[in-house]
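Asker: As you go down the protein sequences, you meet chains A and B in turn.
Counting in the numbering used here, the first sequence runs from 7 upward without gaps.
Counting in the numbering used here, the second sequence runs from 3 upward without gaps.
Hints are all accurate, no fakes.
Simulated pairs of lysine-lysine, DSS-like, Cα-Cα distance not exceeding 27 Å:
{"no.": "1", "chain 1": "A", "residue 1": "Lys28", "chain 2": "B", "residue 2": "Lys46"}
{"no.": "2", "chain 1": "A", "residue 1": "Lys48", "chain 2": "B", "residue 2": "Lys46"}
{"no.": "3", "chain 1": "B", "residue 1": "Lys40", "chain 2": "A", "residue 2": "Lys48"}
{"no.": "4", "chain 1": "B", "residue 1": "Lys40", "chain 2": "A", "residue 2": "Lys77"}
{"no.": "5", "chain 1": "A", "residue 1": "Lys64", "chain 2": "A", "residue 2": "Lys48"}
Calculated directly from the structure, the hints in this document are not laboratory data.
Source: prediction; values computed, not measured.
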Amino acid sequence: GENVEQHPSTLSVQEGDSAVIKCTYSDSASNYFPWYKQELGKRPQLIIDIRSNVGEKKDQRIAVTLNKTAKHFSLHITETQPEDSAVYFCAALGEPGRGSTLGRLYFGRGTQLTVWP
Amino acid sequence: DAMVIQNPRYQVTQFGKPVTLSCSQTLNHNVMYWYQQKSSQAPKLLFHYYDKDFNNEADTPDNFQSRRPNTSFCFLDIRSPGLGDAAMYLCATSREILRMNTEAFFGQGTRLTVV
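Full structure from sequences and hints, please.
Answerer: Here's what the structure looks like:
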């Protein structure tokens, strides 16, 4: 099956600085990579995703990059704000019927991001 | 506006005493998932239902069972909880089997404590 590694496990930044979270995956059949944000006491929510045929995607202050050859993808948050503080999970997904990931979502361990005012 | 609702939010059970966690959804989604998330670890898929079709992960212990009596409800039964089963249990749904641009919607989770 798929193995998703996520680093760092904790990240503290000053408000206004950038934050970068990195993930690697093992199964080359994975072709979709969502990122979830989980605020304290709340449910994980999808914030951005990227497909394998795209190298980069941006949505306001959030961007994701994907390197399929190296099997790694990253989340970039610019101009961080205190409300960005949360646990961020990366995940990898394969198309049903192709490879071992078969429509299953495999998560990284999560990164606790703290943004100090 | 909660679309995936898990009850209870916190559950304390005794070692070896059967416990059931509940998940309901108002999205009319075909697929429902149960994930186990232990402290500082990645959420781990236990099993999922596509409609009434049950799909167990190969490494899910036999101690964990699930029922889906109708589209809206799905239950996680732990027959004999051990201390190692203490975790956050997340329920999720998706309209179809997850693929690109099919979003998974999560409940808030049930935190299970085994005493």
